[in-house]
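> Chains as they are written, first to last, in the numbering used here: chain A, 68 to 201; chain B, 3 to 104.
Don't take each hint at face value.
Covered stretches of chain A, as calculated for chain B (at least 3 residues, CB under 8 Å) [what the hints assert, rightly or not]:
1. 70-81
2. 86-100
3. 138-144
4. 171-185
The following residues of chain A were derived to be distant from chain B, with all beta-carbon distances above 12 Å [stated by the list, open to error]:
5. 108
6. 112
7. 147
8. 152
9. 154
10. 156
11. 191
No lab work stands behind these hints, which were simulated from the structure alone. In this text, a Cβ means the ideal position worked out from N, Cα and C, and glycines have one as well.
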Amino acid sequence: MACFLVSAAEAVIVTAVEKGVEKKEMMEAEASGSTQVKELHIPLSRKLKWLSNMLWGGVVLLLFEHIWHGEVVPFFPFLTAMSDPADTAAMLGEMATVGVCMALLITIVWVIMCKAADVIVSRKTAADAQGQEV
Amino acid sequence: MTLLITVFAAVIVSVLWYNRKSDEMQFGTLMFLFWGASIMWLVDAVFEYAELGADYFAPAVEDMINDMYLGLSVVALALVIWLVKLLITDPRGTVRMALKRK
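Using the sequences and the accompanying hints, generate a full structural model.
Rendered as C-alpha cells:
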C-alpha cells in the first residue's frame with residue numbers, strides 16, 4: 068500500500084547524512100593538505116552513497132509499482148488507502164511490518180557490503196604479493 | 003515475476019559493471035537501482051508467501067502476465083533513469099561536443 072515510504076524516509080536521512088559526511092571529509096582532506104584518498108580506505112561518504120542509491124532505486128521502482136496497481140494517485144491524498152479509515156489502518160500496519168523489514172534488510176545488506184568491501188580493499192592481490200617477494 | 007525479472011536485470015548489470023573498462027558508463031547507478039528494488043520486492047514476496055503459503059508459487063496466468071508486464075516496465079523505467087543520468091553527467095563529453103558542433 069505504501070510500504071516504500073519507510074525506505075523513502077530512510078533515504079532522505081541517509082542522503083542528508085552523506086552530504087554532511089562528504090563535506091566533513093573534504094574539509095579534513097583540505098586541512099591535512101592532501102586531496103588524495105588513502106588507498107586502503109573507503110571513505111564513509113562513498114559507503115553511504117551506496118546505501119542511498121539502493122534506497123532511492125528501490126523507492127522509485129516501488130513507487131512505479133504502486134502507481135501501476137492504483138495505490139498511489141497523482142491527486143490528494145495521493146494514497147488511495149488514505150480515503151478510508153480501515154484502509155489507512157491496514158496501510159500503517161503494512162508500513163510497520165513490510166516497510167520496516169524492507170528498510171532493515173537493505174541496511175543489513177549494506178553493512179555486509181561495507182565489511183566485504185573493506186576486506187577486499189585490504190586484501191593483498193597476487194601482484195602485490197609478487198612485488199613484495201621481489 | 004516482477005521480482006524475478008528485476009533480479010535477472012540486477013545480475014546482468016552487475017556482470018557488466020564487473021567487466022567495465024572504466025566508470026564512464028555508470029553501471030553502478032543501474033546496479034544499485036535494481037538491487038535496491040530486488041531486496042524490497044524480496045521482502046514483499048516473503049510476506050506474501052507467509053500469507054498465501056504454497057499458493058504463492060502457483061499464480062493465475064492472468065496475474066503472471068500482468069506481473070511480467072510490470073517487471074519489464076520497471077526495467078524500462080530504470081534504464082531510462084540511468085540513460086538520463088548518463089546524458090546529463092556526460093562523462094565522455096559526447097553530448098557537449100554534439101551540442102557545440104555547428
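> Decide, hint by hint, whether the structure agrees.
Hints, one by one, checked against the model:
Counting residues of the segment 70-81 of chain A whose C-beta lies closer than 8 Å to any C-beta of chain B gives 3; at least three are required, and the coverage claim holds. Counting residues of the segment 86-100 of chain A whose C-beta lies closer than 8 Å to any C-beta of chain B gives 0; at least three are required, and the coverage claim is violated. Counting residues of the segment 138-144 of chain A whose C-beta sits closer than 8 Å to any C-beta of chain B gives 0, which falls short of three, so the coverage hint is violated. By the rule of at least three residues with a Cβ nearer than 8 Å to a Cβ of chain B, the coverage given for the segment 171-185 of chain A holds, with 3 such residues.
Taking the minimum C-beta to C-beta distance to chain B, about 19 Å, the non-interface status of residue 108 of chain A holds against the 12 Å cut. Interface exclusion of residue 112 of chain A from chain B stands, the closest Cβ pair being 15 Å apart, more than 12 Å. At roughly 17 Å, the least C-beta separation between residue 147 of chain A and chain B is larger than 12 Å, which holds for a residue marked as non-interface. With a cut of 12 Å on Cβ distances, residue 152 of chain A stays outside the contact zone with chain B, its closest approach being about 22 Å.
Distance check on residue 154 of chain A: its Cβ is at least 17 Å (rounded) from any Cβ of chain B, clearing the 12 Å threshold; non-interface status holds. Every Cβ of chain B is farther than 12 Å from the Cβ of residue 156 of chain A; the closest lies at roughly 17 Å, confirming the non-interface assignment. With a least beta-carbon separation of about 20 Å from chain B, residue 191 of chain A lies farther than 12 Å from that chain, consistent with its non-interface assignment.
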